[in-house]
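2 protein chains.
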Amino acid sequence: MSEGGRVENLRIPGPTPLPAEVLKVMGKQMINHRGAEFGRILNEVTANLKQLFQTKGDVLLLTGSGTGGMEAAIVNTLSPGDRVLSVSIGVFGDRFASIARQFGADVVPLNFEWGKAADPDAIRKALKADPGIKAVLVTHNETSTGVTNDLASISSVVKGFDKLLVVDAISSLGAINLPVDEWRIDVTITGSQKGWMAPPGMAMIGVSEEGWRAQAKAKMPRFYWDFTRAKSYLEKAQTPWTPAITTVYAFSVSLQMMLAEGLANIVARHARMAKITREGVKALGLPLFADERYASDTVTAVAASDGLDPKKLVKNLREGHEIVLSGGQQTLDGKIFRIGHLGWVSEKDIKAVLSALKAELPQAGFRSK
Amino acid sequence: MSEGGRVENLRIPGPTPLPAEVLKVMGKQMINHRGAEFGRILNEVTANLKQLFQTKGDVLLLTGSGTGGMEAAIVNTLSPGDRVLSVSIGVFGDRFASIARQFGADVVPLNFEWGKAADPDAIRKALKADPGIKAVLVTHNETSTGVTNDLASISSVVKGFDKLLVVDAISSLGAINLPVDEWRIDVTITGSQKGWMAPPGMAMIGVSEEGWRAQAKAKMPRFYWDFTRAKSYLEKAQTPWTPAITTVYAFSVSLQMMLAEGLANIVARHARMAKITREGVKALGLPLFADERYASDTVTAVAASDGLDPKKLVKNLREGHEIVLSGGQQTLDGKIFRIGHLGWVSEKDIKAVLSALKAELPQAGFRSK
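Going line by line, the protein sequences match chains A and B.
Residues in the first sequence are numbered from 1 upward in steps of one, following the working numbering.
Residues in the second sequence are numbered from 1 upward in steps of one, following the working numbering.
No lab work stands behind these hints, which were simulated from the structure alone.
Honestly, I wouldn't trust all of these hints.
Here are the simulated SDA-like pairs of lysine to any residue, each with C-alpha atoms no more than 20 Å apart in a straight line [unchecked claim]:
#1 Lys335/A <-> Gly35/B
#2 Lys24/A <-> Gln29/B
#3 Lys219/A <-> Pro80/B
#4 Lys217/A <-> Gly104/B
#5 Lys24/A <-> Gly27/B
All chains, full assembly: derive it from the sequences and hints.
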């Protein structure tokens, strides 16, 4: 595919392909990050992000990857020794717990089988059993397994106990419905290279009023990631440290494209792409890895069965079809492959993946029953 | 100016203007950051950086701004309670001390008058007086005052006491001579948007063998910035977290341009541009802010004298000449203005600044004696 400067069909769960209009603005010359022009862009980008976060709270732009955003969320809301419930359904949930532990939190892990969603009742029991828990860490969409948690229900439980709710929405926000204010998320983390049609390099973080109250008391050491500095500079249309200007340029176009499409339409398009992917994969005789009731609308994980070597498949698709998929991570390495369908994705992209899969499955050892 | 996509003469000490060839590659489509193509680019960029760092040690690429790189250097080499000598000659030296303090270091400040360089003898006395000091933090080039420290002499002193030497070279490396191995710098930090002709978004960090030994013992909490993770991923031509791909694309062109020019020629060009700037400014009757023996080759600070309102001057140059200069920071606000001459800069750019200055100085209140 060469459409819009695309040289291959990049179907991994981020980085995602960028529309030609976005690539074009990324070639714009540098400007003073403390000047009026950058200030206007930053203010507009921030206002647009707030719309797409469905929040009236703050949204901060931090230069760093999504994992940096997760670290920022932890160090701005917790103190060493704080007990936190870490709800994990995969690699990125485990990462959230690791970061919290690294900075001295007393992490109570609540892990679910990979491929399944978190059970809100189990979260209720855990919170009931341990009143000392201060905050709950949850992954909205677990990229490693292709599962989306029922965040509305989880939020009801967590807020029923009046706990701080910190959500990794890196691969969901802007693609899967997540009304940040309505669901009372206190800290919401996402990353530029996921649903946002922008290059990697920035984390965007929503902070609620309760999030700010926690931040004022949190004693984990922080400097670069400090939300207070980010907010005080944003009030003068700046960032505390030199920002990734090119990523902000990309946002200045991509967020306008998103608002022109409309959030409801974006969410519906992702749901449609995901359904086409799942139906297509099943029609080829391949089992989905994720519990289909909670299958993600941004990434589909497919189990390797019936002789399929997923690494060989991914290699052959890349070399023979210019289609780039992901394998499995950690214990899922060699056991699944993953198809990303987030951000700039159309039915044509998915159909191309499905027809290439059909052609390559036998070469990769798959013997359909 | 419209040369090479340049819309204005951006003469601040970073971000710096990017050559057309660099801007062009920044519009390249996203690729898989865990794939072979990105791996080849990352390996080539890393090898080129090592040449320009003049080091056989490691150079790590971290997604974040220069301040993120400073935080990374601190948390990877120190433990809470460690005593560190913080040599400061301005805003960025003070920032280094603040970060160290924030993460629990026992900071011994050694501050020099702004506009002057650090005195190696004073550093010797401080180290002699306090054998408990473990590491020394030094700014190579202080952007806020336009002063370059005599790092070779400082290193001789620090290494005479066998202390760890951590250097903020954000606005010097790649523009001012800094032979990292020869001068035995243990941790050397720089930033993509300074001398490197790349957009902001990445910090590049050199680590010596002694730096790694310190890292193995350092107990400050770290996850995102962890050097060990960065090194182990680099061994498989990856980064631990999704990197700022566009900035790496920019490096893939800008570092080749730098090597084609040759490091000695780059250093000589910066010295020449700085000299033309200083001579031109003095010829207009304006005093330099920095001690001229240590005046920086990447940024010139000019003192506001004889009625000059530097804010008005900066505004008039921007609005009337499309020339963007910087004002002063913190206590120097309203007292100096600064001209950046690092990265992609030619004599023509400087001459344009000088002739616009000549035209605008009277309008900004300056009455030459």
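Results for each hint:
1. Lys335/A <-> Gly35/B: Holds: Lys335/A and Gly35/B sit about 19 Å apart, inside 20 Å.
2. Lys24/A <-> Gln29/B: Holds, because 10 Å separates the two Cα atoms, which is no more than 20 Å.
3. Lys219/A <-> Pro80/B: Holds: Lys219/A and Pro80/B sit about 14 Å apart, inside 20 Å.
4. Lys217/A <-> Gly104/B: 18 Å, holds
5. Lys24/A <-> Gly27/B: 6 Å, holds
When each numbered hint is compared with the structure, no violation occurs for any of them.
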